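Please work from the sequences and hints to get the whole structure.
Protein sequence lines, in the order shown, are assigned to chains A and B.
Taking the working numbering as reference, the numbering of the first sequence is continuous, increasing by one, and the terminal residue is 397.
Taking the working numbering as reference, the numbering of the second sequence is continuous, increasing by one, and the terminal residue is 371.
Since the hints were derived computationally from the structure, they do not count as laboratory data.
Treat each hint with caution, since some may be false.
Unchecked claim - One side only, chain A facing chain B, incomplete, derived with CB under 8 Å:
{"id": "1", "residue": "R103"}
{"id": "2", "residue": "V105"}
{"id": "3", "residue": "P108"}
{"id": "4", "residue": "I252"}
To be verified - Some chain A residues well away from chain B (every beta-carbon gap over 12 Å; in silico):
{"id": "5", "residue": "A34"}
{"id": "6", "residue": "T40"}
{"id": "7", "residue": "Q46"}
{"id": "8", "residue": "A57"}
{"id": "9", "residue": "L60"}
{"id": "10", "residue": "E100"}
{"id": "11", "residue": "S208"}
{"id": "12", "residue": "S237"}
{"id": "13", "residue": "V270"}
{"id": "14", "residue": "R279"}
{"id": "15", "residue": "G288"}
{"id": "16", "residue": "H303"}
{"id": "17", "residue": "F389"}
Just so we're clear, the structure is a prediction, and the values are computed from it rather than from any experiment.
Note that the Cβ used here is the ideal one computed from N, Cα and C, for glycine as well.
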Amino acid sequence: MITKTASCRLIVMSLALLVGKSVQPLTKCFADDAPRINLTTKTAQQPATFEAAGLPAAELNRLKSLESTDPVFTNTFAVYVVGDTLDPAVPPVGGSYRVEGLRLVFTPRYPPLAGLKYRAVLRLPEGNKIEQELSLAKLAVAETKPARVEQIYPSGDLLPENHLRFYIHFSQPIERGNAYEHLELLDAAGKPVESAFLELGEELWDPSGRRFTLLLDPGRIKQGLKPREELGPILHSGKKYTLVVKSGWRDIKGRPLAAGFRKSFSVGSVIDEPIDTKRWKFNSPRIGTAEPLVVRFPRPLDHALLERTFSVVDGAGERVSGRVTITDVERRWEFTPDSPWAVGGQQLVVDTVLEDTAGNSIGRAFEVDEQHPITKSVTTETVKFSITFAPESPAAR
Amino acid sequence: MLNFKSWTFAAPLSALLAFGTLSADAADAPALAKKGKPDIQSVGPLAFGPTGVLFVGDPKSATLFAIGVSPTASVPAAAEIKLEGIDRTISSLLGTAASEIVINDIAAQPGTGEVYISVTRGKGPDAQPAIVRVDGAGKVNEVPLDKVDYASVSLNNAPAADAKDKRGNSTRTESITDVAYSDGRVFVAGLSNEEFASKLRAIPFPFQEATAGTSVEIYHGAHGAFETRSPIRTFVPFDIAGKPYILAAYTCTPLVKFPLDSLKPGEKVQGITVAELGNRNKPLDLIVYQKDGRSHLLLANSARGVLKVSTDNIDKETPIKEKVTVEKAGLNQETIANLKGVEQLDKLNDKQAVILVKNEAGFNLESIPLP
Numbered sequence: 001m002i003t004k005t006a007s008c009r010l011i012v013m014s015l016a017l018l019v020g021k022s023v024q025p026l027t028k029c030f031a032d033d034a035p036r037i038n039l040t041t042k043t044a045q046q047p048a049t050f051e052a053a054g055l056p057a058a059e060l061n062r063l064k065s066l067e068s069t070d071p072v073f074t075n076t077f078a079v080y081v082v083g084d085t086l087d088p089a090v091p092p093v094g095g096s097y098r099v100e101g102l103r104l105v106f107t108p109r110y111p112p113l114a115g116l117k118y119r120a121v122l123r124l125p126e127g128n129k130i131e132q133e134l135s136l137a138k139l140a141v142a143e144t145k146p147a148r149v150e151q152i153y154p155s156g157d158l159l160p161e162n163h164l165r166f167y168i169h170f171s172q173p174i175e176r177g178n179a180y181e182h183l184e185l186l187d188a189a190g191k192p193v194e195s196a197f198l199e200l201g202e203e204l205w206d207p208s209g210r211r212f213t214l215l216l217d218p219g220r221i222k223q224g225l226k227p228r229e230e231l232g233p234i235l236h237s238g239k240k241y242t243l244v245v246k247s248g249w250r251d252i253k254g255r256p257l258a259a260g261f262r263k264s265f266s267v268g269s270v271i272d273e274p275i276d277t278k279r280w281k282f283n284s285p286r287i288g289t290a291e292p293l294v295v296r297f298p299r300p301l302d303h304a305l306l307e308r309t310f311s312v313v314d315g316a317g318e319r320v321s322g323r324v325t326i327t328d329v330e331r332r333w334e335f336t337p338d339s340p341w342a343v344g345g346q347q348l349v350v351d352t353v354l355e356d357t358a359g360n361s362i363g364r365a366f367e368v369d370e371q372h373p374i375t376k377s378v379t380t381e382t383v384k385f386s387i388t389f390a391p392e393s394p395a396a397r
Numbered sequence: 001m002l003n004f005k006s007w008t009f010a011a012p013l014s015a016l017l018a019f020g021t022l023s024a025d026a027a028d029a030p031a032l033a034k035k036g037k038p039d040i041q042s043v044g045p046l047a048f049g050p051t052g053v054l055f056v057g058d059p060k061s062a063t064l065f066a067i068g069v070s071p072t073a074s075v076p077a078a079a080e081i082k083l084e085g086i087d088r089t090i091s092s093l094l095g096t097a098a099s100e101i102v103i104n105d106i107a108a109q110p111g112t113g114e115v116y117i118s119v120t121r122g123k124g125p126d127a128q129p130a131i132v133r134v135d136g137a138g139k140v141n142e143v144p145l146d147k148v149d150y151a152s153v154s155l156n157n158a159p160a161a162d163a164k165d166k167r168g169n170s171t172r173t174e175s176i177t178d179v180a181y182s183d184g185r186v187f188v189a190g191l192s193n194e195e196f197a198s199k200l201r202a203i204p205f206p207f208q209e210a211t212a213g214t215s216v217e218i219y220h221g222a223h224g225a226f227e228t229r230s231p232i233r234t235f236v237p238f239d240i241a242g243k244p245y246i247l248a249a250y251t252c253t254p255l256v257k258f259p260l261d262s263l264k265p266g267e268k269v270q271g272i273t274v275a276e277l278g279n280r281n282k283p284l285d286l287i288v289y290q291k292d293g294r295s296h297l298l299l300a301n302s303a304r305g306v307l308k309v310s311t312d313n314i315d316k317e318t319p320i321k322e323k324v325t326v327e328k329a330g331l332n333q334e335t336i337a338n339l340k341g342v343e344q345l346d347k348l349n350d351k352q353a354v355i356l357v358k359n360e361a362g363f364n365l366e367s368i369p370l371p
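This is how it looks when you write it as structure tokens:
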């Protein structure tokens, strides 16, 4: 049996005899025999593969017997990322190989990136090689608006001098990696406050990539530490500041924010007391209604922790489902049960990790040092409040 | 000038620290009881433990993995590592652009001259983790994680961590800021994106399972977490006068020592500040090494370059109540002038460290003599 490749060679040899000189390259033979490289995507679920066709059957048979990661494969068929500069030291893309019919198929370990250029090199047994630049078209995604800042917490415009933490909420996931380049704290004159933020390489994002936690440098908040002694506190009581989110911050589609965002605020006195739950005020919803349970706090508390650390349980300790809203510059927590309140032993359970905006938690101030020895500590992990109810409403009877 | 003062990190031990001397070595296979592909969702800090065991912190799944790794056969350690553009090399290997990867940590496998690097491919919430290895010849390969011996332990002991925001998404995450192994225990420092209290956990290795077939979180709320009131940036286990300590560099700049035997359930732990690193500066990475019969610390900083810190006075314990002045001498320190832009470092062998250096063109991986 004569294979297509063999027949092609036969024709080439015949041509050579006819014209009296070598006829190259092989690609001039049959179109379907010609060595060629494709980047293919079969379905959205399957990873894109680089495929080389036109290798002689004997070569394919030899490759078939090898392990899918044998280095012989990369000597035959290798894919490189095309960078700004041609760097010969750059290794080929990692992945696995298999022979599929008459094709040698390379599946990169990670899916090729749409829009990035790859250079595939196929070395033929005869010593020739072909190279091709390939790229996946960027998928036409349903056009969404670029990300914008939806809210910054604390939502109030008066923060304590020892304020610790901001949460920046975005409408879409944001690119990680250089968050602090896009943030600035300005004083009243518009001058950036030096070394204001705690810059963490890890960057504190929530799992959705839409909420960024920004900490002010605790070294300038805590008393007696060198950064504070040399540079002073970040915020000064009685002054005004603006936290700026610059529009150059990109979402994960690579688009800059729809607009920058500015949060202006004034600074008040230091808050160095633990959260005192005795000062919380509770309402008494009516039994038999779905009236909200409302808790009011004398000072703003941390927005994310208010969402996380409060739960309502029934007499059996089971969580009561409902909807939480946090209003009045994080001084009011409201819980509307999904079903009307039934008679019987409900409690509000609060995890003691709850903090205010300056990092003071229940029973423990943020700053604990030799000037402020620990006089008491909270050993329980939760604080429980029995919910009191007003008598059942006449309408509900 | 360093500042030698005492500073209390209030550390209510909310939990039992599971102490005990357990050890594992390469031959002790049960330490890595599972075989296959660990479900690593993200890669943060790396640390080597007993021979052939690499610890990988996975902040996304709040899990610590221990993975069996063996050195590349027949590739002896080179006298020197100098890989310019290591970020481009890694990104090409991973089939992406250099701007699309983040290098998280480096760890040298003792005795092999090989360097492991944890990398995030992509910059969105669905970014993928990868671990690459630079062998003794300087060749960079991805560490295949499809068929490895491994073990894991969950770090998620916060029962409220399943709290959801208005969109129904869980919002709390805990970054793992550093991992280190010492004498049968892995220490893990973490930082939440919500509450400020950071956690330092001591986890016995081999990890323990309570019931057959069930992977148990041995660090449930009441067991094994030691909370401080300030996040630890980087730390290193260190013996002082024959007693085991942890030396920790805090995000707010002090370098603090904790005696390990003080970490007892229900007690407050007082860390003692042995040095302050100065303002406009964040500690990045820390190693300890011996030279000329003395111990030294090598500390990479964001603004002050690489500091070599003598440990000659580290056994002094200034009383906690004593107010000390800024000028009071602490541990002697020296800035290593020719080292700029060092973001990560690890001890390569008794004479060399390996450093990851950031420059305008990208990142270089280099070996340097221990100063």
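Against the structure, the hints:
Given hint, R103/A at the interface with chain B, is violated; its Cβ is 20 Å from that chain's nearest Cβ, farther than 8 Å. Interface restraint check: V105/A against chain B, minimum CB-CB distance 15 Å, threshold 8 Å, status violated. The criterion of a C-beta within 8 Å of any C-beta in chain B is met by P108/A, whose closest approach is roughly 5 Å, and the hint holds. This hint holds: I252/A has a C-beta 4 Å from the nearest C-beta of chain B, less than the 8 Å allowed.
With a least CB separation of 26 Å from chain B, A34/A remains clear of the 12 Å interface cut-off, as annotated. No beta-carbon of chain B comes within 12 Å of the beta-carbon of T40/A; the shortest separation is about 15 Å. With a minimum CB-CB distance of about 16 Å to chain B, Q46/A clears the 12 Å threshold, and the non-interface call stands. No Cβ of chain B approaches the Cβ of A57/A within 12 Å, the least distance being about 29 Å, so the stated non-interface status holds.
Non-interface status of L60/A relative to chain B is upheld: no Cβ of that chain comes within 12 Å, the nearest being about 24 Å off. Even its closest Cβ contact with chain B, about 20 Å, leaves E100/A beyond 12 Å, as expected for a residue assigned away from the interface. With 12 Å as the threshold on Cβ separation, the claim that S208/A sits away from chain B is violated: the shortest Cβ distance comes to roughly 5 Å. The Cβ of S237/A sits about 21 Å from the closest Cβ of chain B, beyond the 12 Å cut-off, so the non-interface label holds.
With a minimum CB-CB distance of about 16 Å to chain B, V270/A clears the 12 Å threshold, and the non-interface call stands. At the 12 Å boundary, the C-beta of R279/A stays outside the reach of chain B, the nearest C-beta of that chain being 21 Å off. G288/A, annotated as away from the interface, keeps every beta carbon of chain B farther than 12 Å; the closest lies near 27 Å. The Cβ of H303/A does not lie farther than 12 Å from every Cβ of chain B; its closest approach is about 10 Å, which violates its non-interface assignment.
Taking the minimum C-beta to C-beta distance to chain B, about 25 Å, the non-interface status of F389/A holds against the 12 Å cut.
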